[in-house]
Amino acid sequence: MKKLGLFLLIALGTLACSTSSTKKNALVFQSDFGLKDGAVAAMKGVAFGVSDKLRLFDITHEIPPYNIWEASYRLDQTAKYWPVGTVFVSVVDPGVGAERKSVVLKTKSGHYIVTPDNGTLTLVAEHLGIEEIREIDEVKKRLSNSDESYTFHGRDVYAYTGARLAAGVISFEEVGNILSNEIVRLDYQKPVYENGVVRGNIPVLDVQYGNVWTDIDKNTFSKLNSYLNSLLNFSLGINQGSFADQFKIASGEAWKIELIKE
Amino acid sequence: MKKLGLFLLIALGTLACSTSSTKKNALVFQSDFGLKDGAVAAMKGVAFGVSDKLRLFDITHEIPPYNIWEASYRLDQTAKYWPVGTVFVSVVDPGVGAERKSVVLKTKSGHYIVTPDNGTLTLVAEHLGIEEIREIDEVKKRLSNSDESYTFHGRDVYAYTGARLAAGVISFEEVGNILSNEIVRLDYQKPVYENGVVRGNIPVLDVQYGNVWTDIDKNTFSKLNSYLNSLLNFSLGINQGSFADQFKIASGEAWKIELIKE
Amino acid sequence: MKKLGLFLLIALGTLACSTSSTKKNALVFQSDFGLKDGAVAAMKGVAFGVSDKLRLFDITHEIPPYNIWEASYRLDQTAKYWPVGTVFVSVVDPGVGAERKSVVLKTKSGHYIVTPDNGTLTLVAEHLGIEEIREIDEVKKRLSNSDESYTFHGRDVYAYTGARLAAGVISFEEVGNILSNEIVRLDYQKPVYENGVVRGNIPVLDVQYGNVWTDIDKNTFSKLNSYLNSLLNFSLGINQGSFADQFKIASGEAWKIELIKE
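Chains as they are written, first to last, in this note's numbering: chain R, 1 to 262; chain Y, 1 to 262; chain B, 1 to 262.
Honestly, the hints are just simulated from the structure, not real lab data. Where hints are given, some of them may not hold.
27 angstroms max Cα-Cα, derived DSS-like pairs, lysine-lysine [as the list claims (entries may be wrong)]: (1) Y:140 <-> Y:190; (2) B:218 <-> B:256; (3) B:24 <-> R:24; (4) R:24 <-> Y:53; (5) Y:218 <-> Y:256; (6) Y:256 <-> R:36; (7) R:53 <-> B:53; (8) B:140 <-> B:53; (9) Y:36 <-> B:256.
If you're wondering where the values come from, they're calculated on a predicted model, not measured in any experiment.
Throw the hints in and build the complete structure from the sequences for me.
In structure tokens:
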């Protein structure tokens with residue numbers, strides 16, 4: 001390991017941060033649409049048409065196509081840094097037209113997430129908590145004149161509902177009927193220590209720099225009797241190189257890591 | 001065809017949508033500049049310098065370099081979702097410095113498009129209609145102190161004029177002289193049925209998902225005596241794969257498709 | 001050279017432009033974070049949490065990782081087009097956690113740049129001038145509850161300080177102690193004429209179109225007794241092709257060019 005010049009990094013995802021003041025009218029989008037076509041602009045046009053008071057932002061639109069896990073991770077990584085009351089619209093929706101529900105989650109921290117309930121809420125529900133979930137009535141709560149046989153849900157249901165909620169045109173209660181807290185959750189390896197082995201998940205790669213992040217926190221790591229004074233999460237990197245490329249490591253709910261102290 | 005698990009998709013571009021309320025101060029950019037350098041930020045800086053009341057948005061800046069057709073398509077795909085009065089600035093301009101005119105189109109729907117008249121207006125003129133076209137006086141209507149021997153037209157003429165129009169600093173009439181409605185139009189295959197064959201164009205690929213879109217609408221398609229209950233336009237895809245890659249299909253005004261019922 | 005259909009282009013970076021009016025509340029970001037993860041959105045969430053009056057913009061987040069030179073160039077290319085009083089936050093920071101200082105530069109033109117002092121200020125200091133530099137106190141001037149053993153400086157120090165400065169929560173004087181004007185400067189070949197040779201730097205490629213830009217201005221070039229009536233800077237391109245690809249040219253502070261008149 002020393003030969004590779006490895007160093008330990010900290011995963012951004014776990015930093016605690018309080019943003020206590022309530023702000024209004026922020027609507028933050030993420031999707032797997034990419035930035036090359038007009039889908040994101042159509043969503044924003046619809047939102048701005050709901051109210052020109054809205055402030056429109058983005059997490060990313062470069063979620064790999066259909067990658068629900070990464071949608072869940074990016075939401076979890078960023079939502080807590082936005083003011084209470086911020087509305088997020090997440091559209092990674094391989095099941096569009098199928099049975100998944102369209103929902104709005106209100107977290108215990110006071111953030112709102114508008115999304116298909118397909119696993120996207122997995123991490124944010126764990127870390128920010130579920131205050132209440134309501135189902136979007138897809139027939140009533142859609143852009144007028146979009147009720148043709150086809151609907152672009154990202155624009156006509158999610159962006160439209162998110163915009164009306166963020167602008168105060170509708171209240172959270174008016175989104176639709178209340179649901180139980182039984183959201184769809186993706187399965188992944190949570191950080192554990194057992195019989196001298198620490199197990200965890202590789203949630204994402206640090207794509208820009210090639211570092212490999214894990215969800216293994218300081219407390220779990222320290223059960224190996226190791227000392228990680230200045231770190232919050234365990235990560236792997238090469239100084240100004242790509243650890244991920246060199247060792248052909250990818251990420252996702254299926255990627256696990258085991259650490260053993262020699 | 002069945003072996004490939006083909007399914008039919010709907011092209012976004014044809015959904016009708018009314019956004020009837022008039023909003024002010026929205027300025028929406030598209031270009032082939034990409035997001036890696038400072039050209040887009042220079043345009044936005046100039047626009048924000050005209051008025052800090054302006055709300056600045058983007059369609060995309062990833063139009064393939066010099067691809068006027070795709071500029072035309074992206075405008076057409078998104079403009080109708082923005083409120084009446086929205087001003088669009090489109091800068092895909094292989095003829096910069098040449099004879100093409102710089103114009104502002106007011107559509108019958110009440111949207112404004114600031115662009116070189118090089119074909120970019122082809123589709124939006126067809127679908128939203130031409131209310132009136134005015135020529136930008138490139139000598140008078142440019143950023144002060146930019147009248148050196150060289151001008152970055154995107155910034156000094158288009159962004160600057162678009163910003164002044166969107167902010168109400170100038171009226172549409174003050175843009176410049178009125179022109180005839182004879183804009184430069186790109187030639188492409190419109191959807192037709194003839195002697196048992198449906199012909200159409202492949203305007204763009206759904207780049208993010210690899211689907212192939214056509215401009216063949218439901219009515220034209222149904223002349224094959226086929227039944228397409230839930231669709232608006234005819235498209236080709238593979239479930240979670242790229243039809244375009246697999247069959248090496250590209251797009252543009254020159255790409256045509258023929259459908260024959262067996 | 002003629003066979004290649006070369007033509008001369010003008011580098012954007014040198015156009016003079018006055019934007020004299022003072023505007024408030026604009027905060028403009030650039031980084032090497034890319035747009036695929038949540039880092040940029042976390043910075044913007046923190047900034048919007050400081051004040052919902054702030055207007056948030058971007059230069060680019062596609063600076064090549066760790067490329068301080070390009071950060072310097074992009075700032076220099078765009079800052080002058082933004083109104084006086086605009087605050088820029090630049091985070092290209094290979095030395096994070098090391099000895100480099102965190103500073104705010106006030107330029108003579110009245111723009112503010114929040115950045116690690118690692119060379120990022122090289123070009124903007126030359127062209128817009130140094131009015132005053134203050135050091136950010138990293139312990140006091142950071143997001144509350146981020147004072148764990150690890151800090152994401154881009155978010156907790158730079159975005160946070162930039163937002164407070166742009167929103168008027170703190171004055172420039174309250175950023176921290178005044179420093180001397182001895183910033184870290186990158187070395188590069190400035191345009192010179194000597195003994196029949198013009199020397200200059202290739203600061204960046206025009207990545208979207210493949211043109212090669214130099215910093216050789218019209219006055220220096222003309223010392224070859226050449227006449228460049230309509231140009232401001234000397235550049236190399238192929239009509240609708242990539243000069244950079246064809247001749248394998250890259251850019252940066254280490255790339256030099258020599259011109260000799262035959």
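A quick look at each hint next to the structure:
1. A distance of roughly 39 angstroms separates the Cα atoms of residue 140 (chain Y) and residue 190 (chain Y); the hinted pair therefore is violated under the 27 angstroms criterion.
2. For the hint linking residue 218 (chain B) to residue 256 (chain B), the alpha-carbon distance of about 17 angstroms falls within 27 angstroms, and the restraint holds.
3. Among the hinted pairs, residue 24 (chain B) with residue 24 (chain R) is consistent with the structure: their alpha-carbon atoms are about 21 angstroms apart, no more than 27 angstroms.
4. Among the hinted pairs, residue 24 (chain R) with residue 53 (chain Y) is consistent with the structure: their alpha-carbon atoms are about 19 angstroms apart, no more than 27 angstroms.
5. At roughly 17 angstroms between alpha-carbon atoms, residue 218 (chain Y) and residue 256 (chain Y) fall within 27 angstroms of each other, so this suggested pair holds.
6. Proposed proximity of residue 256 (chain Y) and residue 36 (chain R) is supported: the alpha carbons are some 22 angstroms apart, at most 27 angstroms.
7. The straight-line distance between the Cα atoms of residue 53 (chain R) and residue 53 (chain B) is roughly 12 angstroms, inside the 27 angstroms bound, and the hint therefore holds.
8. The hinted pair formed by residue 140 (chain B) and residue 53 (chain B) meets the criterion: a straight-line CA distance of about 23 angstroms does not exceed 27 angstroms.
9. A C-alpha spacing of about 22 angstroms is found between residue 36 (chain Y) and residue 256 (chain B), which places the hinted pair at or below 27 angstroms, so the restraint holds.
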